[in-house]
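Protein chains in written order, with numbering that gives the first Met the number 0: chain A, 0 to 211; chain B, 0 to 451.
In short, the hints are calculated from the structure, not lab data.
Treat each hint with caution, since some may be false.
Dumping the calculated EDC-like pairs for lysine to aspartate or glutamate here, alpha-carbon to alpha-carbon at most 20 Å [unchecked claim]:
hint : chain 1 : residue 1 : chain 2 : residue 2
1    : B       : Lys11     : A       : Glu175
2    : A       : Lys196    : B       : Glu22
3    : A       : Lys46     : A       : Glu91
4    : A       : Lys197    : A       : Glu174
5    : B       : Lys17     : A       : Glu165
6    : B       : Lys40     : A       : Asp30
7    : A       : Lys80     : A       : Glu175
8    : B       : Lys21     : A       : Glu50
9    : A       : Lys111    : A       : Glu50
10   : A       : Lys170    : A       : Glu180
11   : B       : Lys17     : A       : Asp30
12   : A       : Lys80     : B       : Glu22
13   : B       : Lys11     : A       : Glu134
14   : A       : Lys142    : B       : Asp18
15   : B       : Lys41     : A       : Glu72
16   : A       : Lys196    : A       : Asp140
17   : B       : Lys11     : B       : Glu22
This one's a predicted model, so the numbers in the text were calculated from it and none came from an experiment.
As a plain string of letters, each chain reads:
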Amino acid sequence: MQRSKCYSCQMNIEFKKLPLILKHKKSGITDHELVQRCINNDAVAQKMFFEQYAPMLLGVSFRYANSEAEAHEILQIGFIKIFNSLSKFRFESSLATWLTRVMINTALNYLKANEKVKWEANIESIYENNDFVVEQLHHIDLKVLMDCIQQLPTGYRIVLNMFAIEGYSHKEIAEELNITESTSRSQFARAKVLLEKKLLTLGFDIKRYAER
Amino acid sequence: MDLILKGMQNDKFNNILKDRAKEFVLLPNANAFENMVAYRKKAKRKRIVVFMVFLAFLMSFGTTVFFINNKHRERIESNKTVTLKSEPNLSNKPKIAEKIIKKSTGKIIMERSNKPLNIYKPNDVDSAPEMLNDIKAKQGNLNIVTSANEVNLNKNESIFHDENLQEIKKLKVYQDTALLVKKVIDSNNADTNLTDEEFLAKAINDTLSAALIANNVASSKINYKTKEPIHLSLSVFNYYMLLNKAYNGADNNLINSIFGLDYNEQANQSYSLGFLFGLTRKKISLKVGFAYNNVQFDKLFIPSDSMVTGANVKKESLVNDFGYNINVIDQSLSFVEMPILLGYTIGSKKVNYTFETGLAFQYLTQTNTYLLTSDVNGFSYNTRNDAGNNRFNQFQIAGQFSFLINYNLTRHISIYGGPITKFHLGQYFKQEFTDRSAPIYLGLNTGINFKF
Numbered sequence: 000m001q002r003s004k005c006y007s008c009q010m011n012i013e014f015k016k017l018p019l020i021l022k023h024k025k026s027g028i029t030d031h032e033l034v035q036r037c038i039n040n041d042a043v044a045q046k047m048f049f050e051q052y053a054p055m056l057l058g059v060s061f062r063y064a065n066s067e068a069e070a071h072e073i074l075q076i077g078f079i080k081i082f083n084s085l086s087k088f089r090f091e092s093s094l095a096t097w098l099t100r101v102m103i104n105t106a107l108n109y110l111k112a113n114e115k116v117k118w119e120a121n122i123e124s125i126y127e128n129n130d131f132v133v134e135q136l137h138h139i140d141l142k143v144l145m146d147c148i149q150q151l152p153t154g155y156r157i158v159l160n161m162f163a164i165e166g167y168s169h170k171e172i173a174e175e176l177n178i179t180e181s182t183s184r185s186q187f188a189r190a191k192v193l194l195e196k197k198l199l200t201l202g203f204d205i206k207r208y209a210e211r
Numbered sequence: 000m001d002l003i004l005k006g007m008q009n010d011k012f013n014n015i016l017k018d019r020a021k022e023f024v025l026l027p028n029a030n031a032f033e034n035m036v037a038y039r040k041k042a043k044r045k046r047i048v049v050f051m052v053f054l055a056f057l058m059s060f061g062t063t064v065f066f067i068n069n070k071h072r073e074r075i076e077s078n079k080t081v082t083l084k085s086e087p088n089l090s091n092k093p094k095i096a097e098k099i100i101k102k103s104t105g106k107i108i109m110e111r112s113n114k115p116l117n118i119y120k121p122n123d124v125d126s127a128p129e130m131l132n133d134i135k136a137k138q139g140n141l142n143i144v145t146s147a148n149e150v151n152l153n154k155n156e157s158i159f160h161d162e163n164l165q166e167i168k169k170l171k172v173y174q175d176t177a178l179l180v181k182k183v184i185d186s187n188n189a190d191t192n193l194t195d196e197e198f199l200a201k202a203i204n205d206t207l208s209a210a211l212i213a214n215n216v217a218s219s220k221i222n223y224k225t226k227e228p229i230h231l232s233l234s235v236f237n238y239y240m241l242l243n244k245a246y247n248g249a250d251n252n253l254i255n256s257i258f259g260l261d262y263n264e265q266a267n268q269s270y271s272l273g274f275l276f277g278l279t280r281k282k283i284s285l286k287v288g289f290a291y292n293n294v295q296f297d298k299l300f301i302p303s304d305s306m307v308t309g310a311n312v313k314k315e316s317l318v319n320d321f322g323y324n325i326n327v328i329d330q331s332l333s334f335v336e337m338p339i340l341l342g343y344t345i346g347s348k349k350v351n352y353t354f355e356t357g358l359a360f361q362y363l364t365q366t367n368t369y370l371l372t373s374d375v376n377g378f379s380y381n382t383r384n385d386a387g388n389n390r391f392n393q394f395q396i397a398g399q400f401s402f403l404i405n406y407n408l409t410r411h412i413s414i415y416g417g418p419i420t421k422f423h424l425g426q427y428f429k430q431e432f433t434d435r436s437a438p439i440y441l442g443l444n445t446g447i448n449f450k451f
C-alpha cells in the first residue's frame, strides 16, 4: 500500500485507489493546493479538478454551443487550454471566474472557427417585457430554459449570454466580437424577443410547473 | 415613467436569467476526462514529432552548409601555390614580398616586414592601377617572366610601364601577381608544391587559373583573418553508470528492518550506447545524436497487491512467516534517447577539455520485471514484459552534464573520457508514484570522436 502525507492536513493517507483520495480531498484540500498539484502534472489532482469544475463549465459551454455534443467538445478543448495554462493563473480573481472566462473564450473561438455568424444590426422588434415571462423565469425547468437559449440563432445566443448572464457591457462585447455596439444591442433585443416567444409557447407547461 | 419601468424590468429579466444560468450544471460523459488526457498526450507527442523534424531539418541544413563550406576550402587548398620549408633569405633580393609563409592550417599569407602585402579583391577593378603602383613602387629592379618554359630575367624590362597602366585589365593584374610570387620563390631557390611547368602553365597559359591563384591568395588571407570554418564531427560514446541513487520508499523501511536488506533502489548495471553528430566552431560545439539506454533496478521491493497482482506469483513462506504480503522484484528499463548537447572546449591542440551540458529526450521502449517469489521449495523467478503498464512515464527528459578530457590521436580522430552526471527532469514515475524521486546517475563517459 502506498502511503503518503496529504498536502492539506499532513495526515498519512493511503494512495491506493482514487475514491479513497477523493473522499479525503473533499474534506479539506483548497483550490490553491489543487491547482499547484495540477501544475505538477499530478494525474489524481487533475482528475479531481476536472470532476469538481467540469459540470459548471459544461453548463457554460452548453449555453454557447449549438448542441450538447458540441458543448462536450468545447469542454474538452477548454480543459486542455486550462491545464496548459493553469500555471499562469495568479489567484488574483476567483478560480471559477477565471475558468469561466477561459471556457467562454474557447466557446467563442470554436463558434467563430466552425460557423459563419450573421450579425444583423437593425432592430425589427422590441421586447415588450411580458411580466408573465419574467415571473415564470423563476419557475421554469432549468434544462428547458437552457434548451431555449441554445435554440436561439448563434449571434443572438452569444450576445444574450455575454450581456445578460456574464455581465459584459455592450462595449466589451463589441470589442470581443469585432462588431459595433449598436449591433450588440440589437442582437440582445432580438434575442430577448425570440426567447420570450419560445417561453410563451411553453406557457402552458410553465403554468402547470408553477402550480406544482 | 414607462422607460424607467421597462429598464427595471430589463434588469430583472437579466438578473433572473443570470441567477438561473449560474445554477445550471451538466454532468460530463463518464470518460470525458480520459478522452481529454488522451488528447493532450497525443498533442504532446505531435509537438515532440514537430520538434524532432525541426531538429532534423537543422541538422540537414547544418550539414549542407558544412559541405558547401568544406568544398570551398578544398578548392582553395587544391590551388595553393606556395609552400616554403624554410624562411627565404631575402637580404639581397627584391623587396616585393619578404616573407611567404605557409601556415599550419594550409592558409597562405604574404607579409612584408610583419605587415601584410596589399592584395586586392578580384572584383575591385578600380584598385587595379593603385595596386600596380604599389607593386611597382616596391619592385625595384624586378624582372619579368616571359615564357612557360623558361624564366628570363631581363633586367631592363619591367612588367609594368606607366604608359600601359590604364590599359591593364583585371585578369592581367592577377597573372602578373602570380608571376611575381613565383619569381620570389625561384630567386630564393625555395621548394614548392608545384613544378615550374605546373605553376607557369597556370600562371601564363591559363589566365583564368592565374586569376584564381591570386583570388585564392587574397581570399585565403581574408578567411584566415576573419572566418573560422565549421567542423562536422561524429562521436561514438558509451556511458557506464557507476552510482545510481533512487527513491527511498516508505514501505521499504519496514522490509529493511525485517530482512536486513538495503531498501534503496539501486541501478548497478546501467549503461548507454550511442552516437552524436556535432557542429563545432571555434570553442563551441553543438551535438545531436541517438542512444540506447538500459537501467537495471536491483532489489526493488513492492507490495504484492499493487501493480503486479496479475502475475502468476506464489506467495508462500517468506511472505506468510512474516505476515506481510510482499514480492521482491528486479526491474530493467530500456530507453531510446536523443541527446542535444552544448559544449565548450578549452586547452591545447593535443589535449583539451570539454564541458558539455544538455538535454536527453527519452522514450521508454521496454520494461522487464523479474519477480522473485518464495515458497517452501525456495526462490523462483518469473519474468514478464510490463511495457505500457508500468510505473514509469513513457516520455522522459533528462538533463546531463559532463566533463571530458580529449586526446587528439590525429588531426581527425580523438578519444575522450570523463565523468558524467545525469538527472531526470519532470516526472520520472507516473502520478500514482509521485512520492518517489527519480534516480540520479553518476558515471564514466568514454568515446571516440571523428572530425571531418
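Here's how the hints hold up against the structure:
no., hint, result
1, B:Lys11 to A:Glu175, "25 Å, violated"
2, A:Lys196 to B:Glu22, "23 Å, violated"
3, A:Lys46 to A:Glu91, "24 Å, violated"
4, A:Lys197 to A:Glu174, "29 Å, violated"
5, B:Lys17 to A:Glu165, "7 Å, holds"
6, B:Lys40 to A:Asp30, "25 Å, violated"
7, A:Lys80 to A:Glu175, "19 Å, holds"
8, B:Lys21 to A:Glu50, "17 Å, holds"
9, A:Lys111 to A:Glu50, "28 Å, violated"
10, A:Lys170 to A:Glu180, "6 Å, holds"
11, B:Lys17 to A:Asp30, "24 Å, violated"
12, A:Lys80 to B:Glu22, "24 Å, violated"
13, B:Lys11 to A:Glu134, "9 Å, holds"
14, A:Lys142 to B:Asp18, "14 Å, holds"
15, B:Lys41 to A:Glu72, "16 Å, holds"
16, A:Lys196 to A:Asp140, "16 Å, holds"
17, B:Lys11 to B:Glu22, "17 Å, holds"
In summary, the numbered hints that this structure violates are 1, 2, 3, 4, 6, 9, 11 and 12.
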